[in-house]
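Novice: The primary structure of each chain is shown beneath.
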Amino acid sequence: MSAPAMIRVSGLRKTYGRFEAVKGLDFEVRPGEVFGFLGPNGAGKTTTMRMITGLLLPSAGSIEIDGHDVLREAEAAKAVTGFIPDRPYIYEKLTAFEFLDFVGGLHGLSWREIATRGRELLETFALGEWADALIETFSHGMKQRLVFCAALLPRPRLLVVDEPMVGLDPRGAKLVKSVFRDLCADGELSVFLSTHTLEVAEEVCDRIAILRRGEIIAMGTMDELRSRSAAEQAALEDIFLQLTEEARES
Amino acid sequence: MRADRAPAGEPAARSVGPLRALLRAKARMLANYRRSDAGGWRRVSALLVFGLAFWFGLWAGAEWFLSRVVEIEPIGVSMVRRLLSMVLLFVFSILGFSSLVAAFSTYYLAEDLRLLMSKPIPAYALFTARFVENTLSASWMTLVFASPFFIALGRVMQARPDYYAVMGLVLVGLAVIPSALATILSLIVTFPFSARRARQVLVFLGTGLLAVGFVLLRELEPERFLNPDARAPMLEALEPLQSAEQAWLPSTWALDALWSRIGPRVTAGGQPVLTLLSGAAAAFFIAGWAFRLMHRRAFSKAQEGMDLREELGERRRRGRGRSLARLVAQREARRGGPSFWQVMAAKDRRSWLRDTTQWSQALLILALIAIYVVNFRYIRSVGDTGIISRNGLHFTNLALSAFVAVAVCARFAFPAISLEGRAFWLVLRSPQPLEAVLRAKWRALAFPLLLLVNVLVVTTNASLEAGWLLTLTASIVASVIAAGVLGVALGLGARYPRFAIDNAAKIATGFGGVIFMVAGITLALGAVIASAQPTLTLVRAIEQGYPPTPRALAWALPLGLMTLGLPLWVGRRSLNWGARKLRERGI
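Top to bottom, those sequences are chains A and B. At position 24 of the first sequence the residue is numbered 27 (our numbering), and the sequence of numbers has no breaks. At position 10 of the second sequence the residue is numbered 628 (our numbering), and the sequence of numbers has no breaks.
For reference, chain B alone in the conformation it holds in the complex (with noise of 0.2 Å):
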């Protein structure tokens, strides 16, 4: 008999179906995000605000780009099919990544699993809200964002109004797919091997095979569509591409279903669309069956964290870790003691490289300066051309090694506070003041990241022909910029911490992230730009023989001075800054 059948005589109580209470739960947890101290309403509005003004900002930027290529005659038309199945082969694998990383958190590794896991809650209704999750975090971000491209396709089009119903259906189609592949994925990599460790492996794989493709990207450099001596050759680029549009790729079956609602001869839109959503429901019924059948045992086995315990001490056992009596023996040969900085360097340089969840950021970085440099060479192609002077291709670039130095900041110093994690009590308890925690780690990222902007600065000014001087003082603007945008990065990320997050990738998408992000472009753009008239004013007087005159001098001294100054003034201020409330904030 149901426990919750009402007696005779009373009112039937309405039960609450498991998977009902499951999406209730988190729909509700979302709910209450602006109640918790860590969010807060005014922390919400500020991030719609920003989201808002970057969407409408994609939106205008996406049909100004698109009314441009549809004006060419005779292919225009033509380019826009070939960029609209670029863009829709972009956000499915760019979704299918994000699937695959929040698959293994959302069926294995989150938190309330292991209390879900011991409800009686039956296999459909787990796996439908689970997979409702992974779906709902894993496409949201990417689809918010990709939509502004989709709506400038219809408007440039002149699209009827049914062509932004089919839009829908075929975004959700995008979201379920991918999804659903990345569920059955997880359950048959987590079979034969745990689940944190398929992971780490995936996402590095994964991580690598998208850096790869988005510098293959970039490489085809699509601003060419705009000039038209350069439109031939990449036409020929993007053929390898249109052959790619197969008929088994959902993103093709999302092509077809947009193309026959806005192409030259509206077509009867029902079986592209039908196909996709027919396609996505197949994926959910086979993934749920996927599921049923395998995941408690894949789950089990997640569980198994004792795994690496026996796997270590086997090894011990074998002889390959090392003793205590060697571990002493080895310290006490050495002198004196290590230093605050130096323990606290060691400790984020041998947990980074033990961390293989952290490794994926490495390569992004490396994707955005692969990127940089490919995109160098055109920048250096526009200055050919004498569109922009010399030297404002000079500043360009330098602005451009400042973005590299923000983002890299946002990848690395950002999240170095949070990354402490639940084990901050640690540090916050040493007799250190939290000034020096930061400064310790100013001080152990201060020197790769000044020698990554010297080396591109160097390199990319080489290649200009700048000249010693011009080298030289870019180096040194850039250094500064650097290490004031560190210190930002640390203070911002003392200031709004994100210790419970299971994944390092998160940490800087954050509010605390948008902030830092806008905060170190402002900051390197306003030094690059102060930097410009003292710079010149040097290099006539130097390389040129033109002695400054007093005006040029009563402008370059004081902007010179606040180049300098600035960022470092403004870098130690956010240090401190973050440090103090940090400790008013308390764990």
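In isolation and in its complexed conformation, chain A is listed as follows (with noise of 0.2 Å):
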């Protein structure tokens, strides 16, 4: 019998009036998987990630996490979640550590877990030496890896990540794709990421879901995603933008 899917999503909708930004989506992200999704600007990618991080409601649909109905189960849902949204806004005026302390205490962890495990993931991240300096005196970049650091403190199961590479440094970028290969490779941890950048998605993703208008418009892997594109050799780059535009004339 297979592991049950980490990510199950089943005939979500989001209506904001009369508009329609999610189209009834179906799809389901694997352990241990990295799934990317793609899509242009306004096709419904961060309405869809804030809806399975809970930070949205959905009109209609159904979304599992791990087996925690997202909605009925919010709260255990959430516990095996990480997430990790495209613009770290946190409190500037905590120091990083406190930040820590902060982020592990909402997820029950004890004074020593946080300690141990918080000084792991900020000398991962380069950022032990500013442990104990105010947020407010971040780059974005910083800000950006102490939500990393945040968002793996409690040893989520689930990652969602929105924009990864945005404000990163290619040190602080090609760190984020190794941590993503080494948890994935163990089976720790799932990846569900949207990016605008293509090369990492070709780089890291297992499987691809390409989204227009609010609705999934190919899935599968990179050699599925040619072989539906007719394109045997061709970039994921080229895929995306022929198949968006097979959509939009279709």
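Be aware that one or more of the hints could be misleading.
[What the hints assert, rightly or not] Label-pair restraints from in silico Cβ distances:
{"#": "1", "chain 1": "A", "residue 1": "43", "chain 2": "B", "residue 2": "941", "range": "41 to 49 Å"}
{"#": "2", "chain 1": "A", "residue 1": "248", "chain 2": "B", "residue 2": "672", "range": "53 to 61 Å"}
{"#": "3", "chain 1": "A", "residue 1": "43", "chain 2": "B", "residue 2": "754", "range": "50 to 58 Å"}
{"#": "4", "chain 1": "A", "residue 1": "13", "chain 2": "B", "residue 2": "1144", "range": "43 to 51 Å"}
{"#": "5", "chain 1": "B", "residue 1": "1203", "chain 2": "A", "residue 2": "13", "range": "23 to 31 Å"}
{"#": "6", "chain 1": "B", "residue 1": "1085", "chain 2": "A", "residue 2": "78", "range": "33 to 41 Å"}
{"#": "7", "chain 1": "B", "residue 1": "667", "chain 2": "A", "residue 2": "119", "range": "53 to 61 Å"}
{"#": "8", "chain 1": "A", "residue 1": "189", "chain 2": "B", "residue 2": "972", "range": "34 to 42 Å"}
{"#": "9", "chain 1": "B", "residue 1": "644", "chain 2": "A", "residue 2": "248", "range": "34 to 42 Å"}
If you are wondering where the hints come from, they were derived from the structure by calculation, not from laboratory data. Ideal placement from N, C-alpha and C gives every residue a C-beta, glycine not left out.
The task is to assemble the complex, starting from two chains supplied on their own in separate frames and drawing on the hints.
Specialist: Structure follows, in structure tokens:
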């Protein structure tokens, strides 16, 4: 018997008045998988991510995270999910370590666990020497790395990442990609990420879904997407442009 | 060649000048307010109704008060002039303070400035647009709610129609001059310091001065105007204020301009109002000149958030910052883990202590408490005259303590959710229900609030010689009211959050804040009124030895239960309702 899906989305819809931002999505993310969510601006990626992370209530449909329904068992679903938004708004008046204390407290971790895991993550993300500095003094990239630390602190089983590379320098971007690969290879973590950086998606994602105007127009591995677009050697950028153009014409 | 010049043969396209474009964008934003989800037409209408009711209330109150003062023979008219002088000085000070607070945001910290500063906008256009914005945003509320006094004055003094025209010009002058002075001061201060730091220091000092001024004004007890016996010392106390009618003060120009149209001998009114308006024009042009000279460099300095990073980096290098190893060791030495409400409370406490813009709230509350204590002396003296019975005095005092609780909640509890700001996604993402988040905030705020209310109730009851039983019941009732009102404040704060606001002091001034004030005062008054009969029945039974009649008991029991239960029930329901609405709203 196969393991339960890490994310199972069925008939997911979100409407704002008469405008339908997400139109009945169905997909699954498997354990240990890096799943990429691509689409042009306004396709409904961020709305879908916010519904998966419990920040926004769906208008219809269901979302299960590791077997927990996001609506009925919201706290259990949130307990196994880490979220990294594209704009890292965090409490600017706390220090980096106080921020980790706070997030650890929200997840019910012990002081010892917060300290040891916090140190490990701060050093991994090259923030060790800034542990006692106020976050308001951090650059955008430093804040983004701190949000990664906070998201990984409670050892989530699922990481939802909206635009992971925004604000990161090449060293930071390389680090994040290797963290994704390492954690997913161990089967400890599944990653659901949205990005406009198609090279990143091509490099780290096991499967990719392409979204347009609230609907999935293609989904599969890179090879499956290539065969669908009838371009055997094409890069993801070409496939993306071709599929979104086809959908626009139809 | 200008890019917008039409090619030959085509009709010339009308060019939108930069000043017009800047002003039109702001006007459109205001007009679109009713279209946004956060605004909405219903909300605007409700605000208008509340505002108009309040405005007419002020007008009626001012007209009643002034008509009583003017009838006092033979000094009534002279007292009206002194009152007008006081009001103008007060309005001018308030406008100066609010213009200064707004100036730092308008000229340096507003989010749209980075875009505007990167565009080829002439300095005159940028200055004029920002100046108009600063003047309107800093003064509209003060002028709108001060105008009933001036209109009432005109009616009481039977002024001719031209008084109202002069009044309009005076209000414009009173708004423009403080705004220009605030612009100049903000430019000068930002030269050596960063805008953020300068604003924090000036706002803090300004609020302190305003609070002291307010307390001093209350110390004068203007209500003594209506008491013939107390009038003479009052007039003596006002002497220094009259000497404050300095010829160089714009409030004096405004006084002369208005008085020239309503005084016993109507004089040619042109000169004083011209002095005020030419002063306003001069201030505007000097501010524009200073802007042109200094703003670019001051704005650049305001962007230097980096200086803080460098400063902290330097401190870390000097060994004042704690190392990661030391931080880890400190936490590893502690047993167990932090509870949810503890981490929320610790985060809120640290953020509050490190955010100087929020300290001004504490000063306002201190001023409020000082005013309460000062007014209390007056309440007690009313009791001595026998106008209000001792029991009536006791419940009036209880109601005033409850109002302090409502005011404290408006400043500290209502903004609690909004203050999470754009970082609220972190709390919303935590594996805790939103009800637990609000309960954690309630728990963290309840202790200091109950402590404050009880200190007020116990000390004022001791002063009233109320006896232990009345003091005990008042303490219980005030605690229950404070606990309930705190729940209502947090619930409504969650229902009407303002996450994107950059100034904590503004959070409670919106629609939700008005709703909370009305709901909080209604709940507090309802509980105080409901508590009267059971309290008095209890006092008669225990202190005076009169066993309660069945009829009295039949009233006392349900009313007592209502007093103790209703605020807590309403507070709890509000808390859960606010959490549900916030969850539905999402971010």
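Novice: All hints are to be evaluated individually against the structure, with a verdict given for each.
Specialist: Hint by hint, here is what the structure shows:
no.: 1; hint: A:43 <-> B:941: 41 to 49 Å; result: holds, 47 Å
no.: 2; hint: A:248 <-> B:672: 53 to 61 Å; result: holds, 58 Å
no.: 3; hint: A:43 <-> B:754: 50 to 58 Å; result: violated, 40 Å
no.: 4; hint: A:13 <-> B:1144: 43 to 51 Å; result: holds, 49 Å
no.: 5; hint: B:1203 <-> A:13: 23 to 31 Å; result: holds, 24 Å
no.: 6; hint: B:1085 <-> A:78: 33 to 41 Å; result: violated, 50 Å
no.: 7; hint: B:667 <-> A:119: 53 to 61 Å; result: holds, 58 Å
no.: 8; hint: A:189 <-> B:972: 34 to 42 Å; result: holds, 39 Å
no.: 9; hint: B:644 <-> A:248: 34 to 42 Å; result: holds, 40 Å
Figure legend: structure checked against the earlier numbered hints; hints not met, in rising order: 3 and 6.
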